[in-house]
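J.: First to last, the protein sequences are chains A, B and C. Quick note: the first sequence, position 562, residue 611 per the numbering used here, numbers continuous. Quick note: the second sequence, position 532, residue 581 per the numbering used here, numbers continuous. Quick note: the third sequence, position 200, residue 249 per the numbering used here, numbers continuous.
Warning: the hint list may mix true and false statements.
What the hints assert, rightly or not - If you want the footprint, here are the derived chain B segments under chain A, 3+ residues with CB under 8 Å: (1) 96 to 108; (2) 153 to 164; (3) 354 to 368; (4) 397 to 403; (5) 415 to 422.
Since the hints were derived computationally from the structure, they do not count as laboratory data. The structure displayed is predicted, hence computed values, not measured ones. All residues carry an ideal CB built from backbone N, CA and C; glycine is no exception.
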Amino acid sequence: MTNAWPDLRGIAYGGDYNPEQWSRETWREDVVLMREAGVNLVSVGIFSWALIETAEGVFDFEWLDELLDLLHENGIRVDLGTPTASPPAWFFAAHPESRVIDREGRVMGFGSRGMVSHSSPAYREAIVRIADALATRYAQHPAVVLWHVHNEYGAPVGEDYSPASVAAFRGWLQKKYATLDALNAAWGTAFWGQHYTAWEHIGAPAISASVVNPAQRLDFARFTDHQLRECFIAERDAIRAHSDKPITTNFMANQTWTCDLWAWGREVDVVSDDHYLWAADEDAHIGLAIAADLSRSVGGGKPWILMEHSTSAVNWQPRNIAKRRGEMKRNSLTHLGRGADGILFFQWRAGRSGAEKFHSAMLPHAGRESRVFREVTELGADLANLAEVQGSTVEAEVAVLWDFESFWAQDLEWRPSEDVSHAAQIRRFYEQLWRDGITCDFALPGHDLSKYKLVVAPAQYLLSQADAANLTAYVENGGTLLVSFFSAIVDENDAVHAGGFVAPLRDALGLTVEEFLPLREGESHRLDWDGEDAVVGDVWQEDIALSGAEVIANFGGGPGEGEPAITRHRHGSGAGWYVGTRLDAAGMKALFREVYADAGLTASALPAGVEIVTRRGGDDAVYRIAVNHTADAAEIPAVGTDLLSGAEAGGTFTIAAGGVAVIRSTD
Amino acid sequence: MTNAWPDLRGIAYGGDYNPEQWSRETWREDVVLMREAGVNLVSVGIFSWALIETAEGVFDFEWLDELLDLLHENGIRVDLGTPTASPPAWFFAAHPESRVIDREGRVMGFGSRGMVSHSSPAYREAIVRIADALATRYAQHPAVVLWHVHNEYGAPVGEDYSPASVAAFRGWLQKKYATLDALNAAWGTAFWGQHYTAWEHIGAPAISASVVNPAQRLDFARFTDHQLRECFIAERDAIRAHSDKPITTNFMANQTWTCDLWAWGREVDVVSDDHYLWAADEDAHIGLAIAADLSRSVGGGKPWILMEHSTSAVNWQPRNIAKRRGEMKRNSLTHLGRGADGILFFQWRAGRSGAEKFHSAMLPHAGRESRVFREVTELGADLANLAEVQGSTVEAEVAVLWDFESFWAQDLEWRPSEDVSHAAQIRRFYEQLWRDGITCDFALPGHDLSKYKLVVAPAQYLLSQADAANLTAYVENGGTLLVSFFSAIVDENDAVHAGGFVAPLRDALGLTVEEFLPLREGESHRLDWDGEDAVVGDVWQEDIALSGAEVIANFGGGPGEGEPAITRHRHGSGAGWYVGTRLDAAGMKALFREVYADAGLTASALPAGVEIVTRRGGDDAVYRIAVNHTADAAEIPAVGTDLLSGAEAGGTFTIAAGGVAVIRSTD
Amino acid sequence: MTNAWPDLRGIAYGGDYNPEQWSRETWREDVVLMREAGVNLVSVGIFSWALIETAEGVFDFEWLDELLDLLHENGIRVDLGTPTASPPAWFFAAHPESRVIDREGRVMGFGSRGMVSHSSPAYREAIVRIADALATRYAQHPAVVLWHVHNEYGAPVGEDYSPASVAAFRGWLQKKYATLDALNAAWGTAFWGQHYTAWEHIGAPAISASVVNPAQRLDFARFTDHQLRECFIAERDAIRAHSDKPITTNFMANQTWTCDLWAWGREVDVVSDDHYLWAADEDAHIGLAIAADLSRSVGGGKPWILMEHSTSAVNWQPRNIAKRRGEMKRNSLTHLGRGADGILFFQWRAGRSGAEKFHSAMLPHAGRESRVFREVTELGADLANLAEVQGSTVEAEVAVLWDFESFWAQDLEWRPSEDVSHAAQIRRFYEQLWRDGITCDFALPGHDLSKYKLVVAPAQYLLSQADAANLTAYVENGGTLLVSFFSAIVDENDAVHAGGFVAPLRDALGLTVEEFLPLREGESHRLDWDGEDAVVGDVWQEDIALSGAEVIANFGGGPGEGEPAITRHRHGSGAGWYVGTRLDAAGMKALFREVYADAGLTASALPAGVEIVTRRGGDDAVYRIAVNHTADAAEIPAVGTDLLSGAEAGGTFTIAAGGVAVIRSTD
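Isolated chain A, as found in the complex:
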């Protein structure tokens, strides 16, 4: 039987450790400083293939033996990586056909990382060989508590157009469709004369003279996800043959969209995730919260590990903004509040060479005497005080739909307006929930949604009939559903649903959409909305054909002038809301206020910029993790003990500017 959580006490704390970049003397300094910082877990070996397997089948474990022993002697546990994200130079020299070819036919050379074909037979063989060798040697090592397969599947590249990938794609299609008739029907090959009469004629959707069949591209995205996952499973199973310790791989939730994390969540023992702030976003902590909630959701609500984030700046953005004093702790506590029981960084010690030498680390180039290391040590001490939080869970009353297939389909070329992006739509709806202090899960439209008071579907472009029926039943049974424009447009083959746009949700929403009316760049129009004078929508309007819904607001101008913009429909014992434009901040606030009323929810009355998430543990323990993102002290209602400061709250509690608190109470 497999363990689902590493054998660790309290909150895991540490980071990626790359000892191969350093001398033995530095190793010894490292373990001393790790202990000073409160580190209890490090990820090792992620880029060590060339130093472990020095030629095909020739292994050198000496340095790794020595390192693991050193860490173990110092009480530091190990998350042992398989180095398969970066095969050695000798591998590519022996198997040049294993290199990735991109959509334009360009061969990805050696010298960075992640440049190997997920479908190369030689690669598949090699990853099992090294995973097996590592597991054989270290399964019983007392330091090893977790296995870390590969690194960030799907980044920097997912799709591969090499011959190996094309061949595998054909096999995958044959398995999926069985007959060419089925494939031709699913892909709509009658359009533009793309009918296939032999499996061998099918290729990857590489660049062509014009836009390539979108159903083919959608299947290629599914195939890519599948191939990457097969690689993971092959390694996982090779390890499992030797070890019952938990196995994970680090996701990139809300940062890349190549992997269908719902499917991956089922394959890992414990979810782990990497998250980096997008510096140009002044509210990057909201993107962070999305990533954290998604990580928790794809793991079924169980605790997860923040496998990587940064102590300060990263190095790969146009302008790599350093974190300010306290920001690293706020970020860490937001992750923890949303279910993370491990807070790790890339990386322990800043590397002197290579592409990421300007990436921050727990131990920066400036060394021990630095703001960053002081804050790292402080955070280590704080997390030690939160040991009891480990294992508690987050509860949410709202679900936001997040469907990777809909992402893949929606972001293809030749959609009605390039101003609509799935990710941006999700952020807009999520952001209002965040500002209203309402914690949410993410979910698929086919999930059992009955436990949620409200389900939000922001641009659920691809929606199968079955999933639409599930959403309709949810409303019928009393749920409140809020759907944005450009939802329920196509089926699983990117074919427009019969009956007009939104037809699959006609019963739930009381409408269909006759025609899209995208707006010009920069165009926006006022809404006619009783009691709301200043609400504006941009990007989109549409011709809604009502079939039962009541009109909440009409377009006050533009191509849809006078037509419905926001509607509400009673269906069964629930309600289906629909919004046919992109609302501004005032509009989102007003919309949700009315939707909450239907759903029986209440927006919190917290000061703007203060975030509180609740985790529930055993013995009725309730932990309120509060983060103050503002430059002013904030007063929040609270009763209990702040586990960080030890302060007692008897009704209200003051969080310092930029500060955090974890208030334990018993509900």
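Use these hints to put chains B and C onto chain A, whose structure you have.
T.: Same frame as chain A, now just chains B and C:
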């Protein structure tokens, strides 16, 4: 003897029909709705290759037999397409060398359309085989009244850098130049050491380290046009061997510039054209008018067919703006007014799958109960009322020069300023004529221009000595010629004319240009112009060396300050006008006012935004097609009967906001 | 013994001459007009390979014999080019593997110029063959006074990813590193698992899935420079075997950065340089001054030749702005003032064909009767009056560091902020010196700097320990050093220096930098600076850790608020200044004012926009070359004779608006 117009009564009405995407049951619904909508012509088979020739030389005509019979039974005529724009998957599998290679060496894969090399011997053989097979089978079918070869030659790709294309290019060059000496001279290969000593050393002008020889690129553009036209001719002749019905192929006038439509116009029995509004252009109907006038002009003034336009939005622009109520009719009537005797759409029924599923159709996804289908039906009824207009012709007193060779040469790299584009210059000059209510033809500089009161040359960069002499003779014989800057710069080999810029037109214009003075980005300067206080020019100034011309306006600032900006020259019994900057709207209006005075033309006094074009039929019938592009009713002077409403006009006539009228009178 | 200056009297004057583009009749007209214009030197043969070597090893010198004789008869000397920048078509047909392949794998085709691999064995053989043949034939020709090898090495392409280049790169690396251990250490291959176990596994740093090893890219830049230089040396030595006349190749100082001009300066007998104004830069004459100072500096202060500039517009910029009256002369005199003893143009006669037909020339398309030719003739006369200036030298009291290796390293991907560029930083610091009327040399950080009162290091990102020690010793011995942020970050392998950022200069500057704090796009903050109220910094802030320096100014806002922004440190008998943000113009002015005080320098009191540089000749002759870039006459202090006008200055001298003067005095 070949017919030049399909055997149809009245105005043709219909669209592309893709029955291969639909069930037999839907076919039967389609013909009922077509009849309801007034459809009398549909284009069939354009993307059906894979379903007709299911393997090399194996044909399946059953479904097409059934379809054509069904259409015939319902009185709907057929424009039968050859499907050669989209060869089947089996063709590319058997002939991978037939794929297009782009300038950067990238191979264009299967999965979209138009991705085949115009010079592939296998392709050339295949298109004749299928054209022959279709013509053999359907030449006598009573439904077939028109042949539609291929689809939009030159789009999405024209140029091909594959080995087959390179080999054909060498052959084309040998035929054109006979000797390498002639080629070296024409291409100016002494520059940058490009002298050729063997035909086999010559390649296509693929990417190089720096800018490639412009004369070579110009010849490659000519070659590309030639190869595409050879493909057309091969299919046309294969059909002609069996059928005397008219043969066409759909142009893309004013949308792509790969084909020299003057040459193509000579090869087709009837001109047909596809036109789509460019949504970001608030005055997209002016671009439409250009396309319509160009279609008529390349066909020598004969009636032509609007083969495709859209009922509402397209799907391939950044933001696909839906047409508003009445806009489709206005567009259709503008085409008709400018000589179209057929109004067809892409497409009859919106396709559920593929890259263009969001393209509008006569029968939209929303089905019969929709604004679009109601307007389609209304338009069908309107066109039925205009049957008598068929065959009437448009008269124009002004010609605007439109020379594809000059386009090709002018838009190459390393010109004096990237702010000058041939297409934009044509639009600026045409637009003023449009606003002044003056209908114009397009013409080549070598055409007989004697019938025009005014000839306008907007940036005729490439102008041969012979063509310059033709223009000069035109002025000498009393014509008025208006020439913009960057005209008469190079000869047919993109070599600068001896004698300084504009030298070939020195007699006609009374000047040469000593030096170009392009302006910086955003820079503009006032003109010193008697009676015009507020005229501004941007983009360009120049040092004009007068040799007889009188100065109308000088530059009021900038590098050419105090020097001539606009001139007028009496030559023979005509006048040559020249403008050396890019004028703003006020400047264009003032300029044309003075030019009209010389030419004996008068700007109309119509309300702004109202367009009237006149067609003349037999028996002195005159049809004034009026389109009101504004949001207000407009009063126009008119005597006669509105064929659409039946209303009588006794001096003035009121067109509703956004409305149209076709007023018949007898002059 | 080799001559270092061509056998010419006075200032060289002329341009590139491409007689292969013209008839014999035009040649005869050319020499007449050259004499009229005062031309005494033309560059010939630069693109004539195909016409000289008409097939491999087959030479035709007839036309060139005739031309050189004609020039000689007319007293015009020849700078004879080797045509190796543009191999003939037959060469590429025979050696297709000699074509350049770019980083993305695209093959650079024939048809432009500069598209040959520097590492192709066939090319290496061919260039020696033609250089030898030319030298054999013309070493004794009386017209030839200078050899011009190749053209603009490194432009349009430097880097080559072809197999020949990869093979050569491996050889170069083996020679540099001897062992793979040394290479692995230098490149930091432990990062991202890039450890090499065989030389054959190493490739060029072509595109990969993510960012490629920066140390590998830096070495590839060094290798590229080395290979190009090897090509030059091979040709130079082939010529030297026959001729003792000076040999040069035309650099592109401050326009491209592929060649390490310090190394090249050691290989040429005389430095020559091409310079073109960047039209979008309103102060393009400052960029020109940089290029001129750099040309002089890499030649060790000796007179150099301006091999190419333009009489008016170029043809390859987005908008090719023509020079205005007098601008060509101002440009020429600035070059001359900064040490150029030859003023040449591309090109003598404007070419009718090819990619550069819109490039200006001494004899424009408009011909002899043109503003440009009149100014060319006037300049020829002026230069004749300056014969005595030839051989005099420029003295500078300030050095600005300019290190090509630091350029290469700094402009790689994934730096802290894309808003920092080495070139732009140099321009900012240089520009203040220019505005203050202070002439400077450029220097490497390892040079003997003791003769300079001030050394400026604008973003010297790569700085070896040895070079840092040299700078520190300079300060210790009384020098003043001014260093900007992002200096002394990495060593020669692009590895971050141990001890924190700027650590190698800690003694000289009295500080290190703990963390970079790049600012957001458009963000800027005031400085707290006694006596300076309005100074603002943008782009960058940082956490400076003082170790002895005094604080001159603090950040008044932003992430570094309250921390040091500008510091000064006494070290030995000198001073080390440091500035940790990008200062605005007011800030630069104030900073330099204080730095000058330390250095014992004084800003000139000249009118803004007036430039004066001093050259010193024999017999205590002093030449003050004054250029007035403004639209107003300017009064300058001067005593002596203006060699151009003959006017005497007895204390002050008035230069006309846009005018120039060369005032001789005896100090």
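J.: Hint by hint, say whether it matches the structure.
T.: Against the structure, the hints:
Under a criterion of three residues with beta carbons nearer than 8 Å to beta carbons of chain A, the stated coverage of the stretch 96 to 108 of chain B is upheld, 7 such residues being counted. Residues of the stretch 153 to 164 of chain B with a Cβ under 8 Å from some Cβ of chain A number 10, which satisfies the need for three, so the listed coverage holds. Using a Cβ-Cβ cut-off of 8 Å, 6 residues of the stretch 354 to 368 of chain B lie near chain A, which meets the minimum of three, so the contact claim holds. Look at the stretch 397 to 403 of chain B against chain A: 5 of its residues bring a Cβ nearer than 8 Å to a Cβ of that chain, three or more, so the hint holds.
Counting residues of the stretch 415 to 422 of chain B whose CB lies closer than 8 Å to any CB of chain A gives 5, which reaches the minimum of 3, so the coverage claim holds.
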